[in-house]
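J.: Okay, here's what each chain looks like letter by letter:
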Amino acid sequence: MNNNTLVEVNHLKTWFPIHSGIFAKKTGDVRAVDDVSFKIANGETLGLVGESGCGKTTLGRSILRLIEPTWGEVKFEGKDILSLGKSDLRAMRKKMQIIFQDPFASLNPRMTVGKIVAEPLSIHRVAKGLELDDMVASLLSDVGLRPEHASRYPHEFSGGQRQRIGIARALALKPKFIVGDEPVSALDVSVQAQVLNLMAKLKEDMGIAYLFISHDLSVIRHISDRVAVMYLGKIVEEAAREELFSNPVHPYTQALMEAAPKTVPCGKRKRIILGGDIPSPANPPSGCYFHTRCPVKVNDCESISQSLKEVKQGHRAACMVKAP
Amino acid sequence: MSDNRKGSFWEIVFNRLKKDRFAVYGGGIVALLFFVALSAPVISPYDPGDVETSRLLEAPSMEHWLGTDELGRDVLSRMIYGSRISLMVGFIAVGLATFIGILVGAVSGYYGRWVDEAAMRFVDVMLTIPSFFLILAVITMLEPSIVNVMIVIGITGWMGVARLVRAEFLSLKERDFVAAARSIGQSDFMIIFRHILPNAMAPVLVSATLGIAGAILTESALSFLGIGVQPPTPSWGSILTEGKNYIEFAWWLSLFPGLAILITVLGYNLLGEALRDALDTRLN
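In order, the protein sequence lines correspond to chains A and B.
Counting from 1, position 119 in the first sequence corresponds to residue 172 in the working numbering; the numbering is continuous, with no gaps.
Counting from 1, position 38 in the second sequence corresponds to residue 39 in the working numbering; the numbering is continuous, with no gaps.
Everything labelled a hint here was simulated from the structure, so no lab data went into it.
Ranges of calculated distance between the beta carbons of each label pair, as one might list FRET restraints:
1) B:TYR26 x A:LYS79: 51 to 57 Å
2) B:VAL116 x A:ASP258: 44 to 50 Å
3) B:TYR26 x A:SER194: 45 to 51 Å
Here a beta-carbon is modelled for each residue, glycine too, at the ideal position from N, C-alpha and C.
Same shape as in the complex, but just chain A (with noise of 0.2 Å):
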């Protein structure tokens, strides 16, 4: 195994019981994370991407135990995640952090951002008094905000400001790893690039691992080093970051991309247009799990389930027809 790995996720499954009538019986599974494993090493970036509600989000949280994933393994620097405890956890917790997607609903409305900042700092007694107080100042400046921000509250703040207060939360720990939900995902375009940026930079200064969530290719290209794709709770694919946009195998991945809105229009287009929807993570396809929707579907499709195979070193897809 490669010494310079940081996060080693191996057959990580979380389902959400559904319980139906009078006694709550369980009748079935949301497999929204079904059986995923991937790697990232110290200051990479692994952009995961998948239409909504393809598990991404849930995949992102049960890295963190933030949701409690319901089989599998996480290993972080070695140590596995799942199986420490509350006190463990907790001191864990400052090498691994999350930004969140909606800036409206990640800081909490009552808190003033200095405190929103600084209270990290306060629960793993990093710093007290002044010296927090300094602290505090010099990360809303990391951030690109002004430190006399700190005594205002978040609702005085547009949508870009707040994700950088969530940043600022993020960074104050100094983490090794960064789960980025979706964290460009609500704001304006002009206002992305700042954050994208940010983000970029704050990974050069400091060496931070992203698993960066998103639904966006163009965002995914900018900011990624590998890319997995995600779909209903699966990885299809999975390569470095020119690879994979060059050379997509999977016919999931090449639909996205030739959904993605193009910058030259008249460019050649092979439209692979998806019929259908997404199907229910409740009631997945028999097989592969997109036979429902693939266009280069044979028979046994329905039947044969795929797992990850190389195509080239470090190229991985699940497909039997084009990476058989």
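Got chain A sorted already, so can you dock chain B onto it with the hints?
T.: This is chain B only, laid out in the frame that chain A set:
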């Protein structure tokens, strides 16, 4: 609406209240009650216990603005001292009810599962008991006293608050800022009291303000029935009950305490309704 968006949530709410006519009336009445109760010894013209046997059941006059009662005591002075009971009952009984309600609701909503199930079924059971009769029964078994009245009103009035707080917790605990607090390693205790509860206080405050009006009414009713505040301590309810015997020829004995109860309850209700409006717009 051009709200001032600066400052904390409560500053903004206060600014809104200042612009609301009914809030100002309600707040004024409540403030007046506070003033009267706190400065009772200074502003009351007579000692409320002073008996003047030569001036029984006198009609309002320059010496006795609101008349005298059947023992020749000054009704105005007795009512001024009686306001202390109303103020105290309102605050202590509702304070107790709110405290229990917040505790039960917070634990129930935050931890969910069987804790929630058990707590809410207990609330259901409590709600099936008609509370006024429970209060009557308990007070008659215990010694009738103002302290017992407050405690009993408190422990029979927390269920609504518990349900409110639970509902707020159920929705707030799924919000991202709570996930954020957990992701930085915050403890359950601090998440409940520092992150969720301050955001759940708005409806609690409204219900407490309206609850004070209810508690004052309950105390008056109990005192009217003779099992609340015991003589010679004056309370609006007990003045009213003494007055009913003489209502044909000494109307002032019943009218003024009745009006005092009415206006006080109205004041708390106006304030509560105005608070509900002022707190309605969510800040994000």
